[in-house]
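Colleague: Use the sequences and the hints to build the structure in full.
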Amino acid sequence: MSILVDSATRVIVQGITGREGSFHTKQMQEYGTTVVGGVVPGRGGDEHLGLPVFDTVAEAVAQTGGDAAFIIVPAAVAADAVMETAAAGVPLAVCVTEGIPVHDMVRAKAFVDSTATRLVGPNCPGVLTAGQCKIGFIPNHVAIPGRVGVVARSGTLTYEVIQALSQGGPGLTTAVGIGGDPVLGTSFTDVLPLFAADSGTEAVVLVGEIGGSDEEAAAALIAGGYGKPVVAFISGRTAPPGKRMGHAGAIISGTTGSAQSKIEALTAVGAVIADTIEDIVRLVEARLPRSHARRRR
Amino acid sequence: MKLLEYQAKQQFARAGIAVPEGRLARTAVEAETAAAELQSGDGVAPARIAIKAQVPIGGRGKAGGIALVDSPHEARREAERILGMDIRGYPVRSVWCETGLRIAHELYVGTTLDRDRRRMVVILSAAGGMDIEEVAASQPERIAKLWPDPFRGPQPFEVRRLAFEALRSAPALASARAAIASQLVVLAQKLYRLAIELDAVTCEINPLVITEEGRLVAGDGKLEVDENAEYRHGDLAAALAADTAGDGAAAGGEDPYEAEAKRRGLTYVHLPGGTIGCIANGAGLAMNTLDLVKQMGGEPNNFLDIGGGASAEKVRDSLDMILRDPAVRGVFINIFGGITRGDEVARGIIRARDELGVRKPIVVRMTGTNEVEGRHLLAEAGITPGISAAEGARKIVALTAGS
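Protein chains in written order, with this note's numbering: chain W, 682 to 978; chain D, 21 to 423.
Think of the hints as simulated: they come from the structure by calculation, not from any bench.
Hints are supplied without guarantee of correctness; some may be wrong.
What the hints assert, rightly or not - Straight-line distance between alpha carbons at most 25 Å, and here's what the computed DSS-like set of lysine-lysine pairs gives:
hint	chain 1	residue 1	chain 2	residue 2
1	W	Lys924	D	Lys22
2	D	Lys282	W	Lys707
3	W	Lys924	D	Lys242
4	D	Lys282	D	Lys242
5	D	Lys242	D	Lys210
6	D	Lys22	D	Lys165
7	D	Lys242	D	Lys82
8	D	Lys22	D	Lys82
9	D	Lys415	D	Lys314
10	D	Lys82	W	Lys924
11	D	Lys415	D	Lys380
12	D	Lys210	D	Lys22
13	D	Lys282	D	Lys22
14	D	Lys334	D	Lys282
15	D	Lys210	W	Lys924
16	D	Lys242	D	Lys22
17	D	Lys380	D	Lys334
18	W	Lys707	D	Lys380
Modeller: Here it is, written out as structure tokens:
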């Protein structure tokens, strides 16, 4: 079982002819993702990587039946691409683009929220359901299908956690990289209920970092009764206040956004805090339902 | 990108917001001339002149960077003093000389990004002149907020409601509240439009002075432009660069290493006193790399994120940057390739080591996309990469201990 994407997902790639767009489309295909076409304005009618290219998302949807979009276009045009996807009625948009101007994203977010589209990202590594489908650039070889869901702000830590869960661990259902920007389409509180409703996911790993208060919001959601074990990991414990640590969103300002505040909020509602990536697997395994403890898929 | 006060005021004036008349002076003599011009006005008693240090941080007043003077002679003397100052790492390169205001009351108006709501928030308060975050913490009832629809912006009725809400906590203004509210409606809309036009993540007027004549004038201002949108505002960036004379401090914070990193386009934070240089791909992994080094008993010297899809050249440049601080005894490079490719990183590490003649220990942890090719290249060059980040952190701490 899984959330957001599975073997039936049909993906349209916006920016398919670019260097990165081409490379990662091929990687996604190698992983087993069904890519049905691409969108590049002005290149409609072309063929790229054996796939049809369209001028607009609406055309691509009409011709291919795509139900998810992978958006890998330059920052200056990314917010528009997100809105075009939502306007075309695509249920899921995954935008990996980094460096989108924040006002562009505020508008795109408000627009997407007025439609039925779910946006993941931007500035995220994407979504991967083990052994079935990936949209984005989570490395292909690390994930083994299993029992644990992952939701993370950081891309590289998403890979770390998937790898740790997969190497002799309980394996993965779906990993969702929500991204490191201040304005995100999907946050922890959107993903946690999806994992709660997924019968295949038996525990959730939440990877947060300094900045903002999304981890505290996740804690408030868990406090209302979550029903599945949550193991959390927070990076940036050594980060000094007032300095932006790479991600536009990773900054401790005043008293909000510190690792300590997030750890305290999550601990208070019964989530378990892992101090290292290696610890995550041990803590998750100790909390998985017993009857399944040695089951492998 | 934080604009200087006078640049923010120029933008306010362009947007139709009243600001005091002023002149920029880079020398004490220029300040004297400016003061004379400002006082040569309407024939009544000459106004006092404020001489204000132009540095991109708050707390200038407390640091002695603002003076009120009565004559051009005094202006020259105070400008001389202020221009020689260094305010928390920022040398004062210019002063803004402006006509003092006859203050009846001070308000606050600003707009900034509200991360939790994923929108801009417009904030109004009758408690002007104070740090708004402190007011929000200690007297939240004195703050009124509005989250405008990003497609239509704040409407007059919305700002009017906000104005009456904010003015409720200032009984002294009760009799003038209708007149003030109607001015605020116009001003807040102008300020919001300016923020959108300039891609500002913070655009605030504090204090917004109500003069004895009942006019609203911007006493001081803060304008910070979204770094991701700087490409749309090259003119502002150029003006800022000209005014700070390429000053490292103003360009990237008060740390000379951070200023150099910014010039090179690197995402770098210096942690003075640390001994272990750190490089990783991705902000989360880079933060975690620091945490790991610390957990293993080491002191990280920096945060450096080479980002996604970094070239060999960028890796080389990053290593060069980190080694500029002589306190660095060794470097830990932590790579988990997704969009970043291991072979590309390996080429950068080898090039840096050979070109820069690095003799300090370098520990590499490499996994992910193209890891086989990358590890092979490193092994051929005599660098043995590890697979576990914790192991790598332990190793660099051991190699640099006591050296």
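Colleague: Hint by hint, where does the structure go against what was stated? Just the numbers, ascending.
Modeller: Violated hints: 2, 15, 18; rest satisfied.
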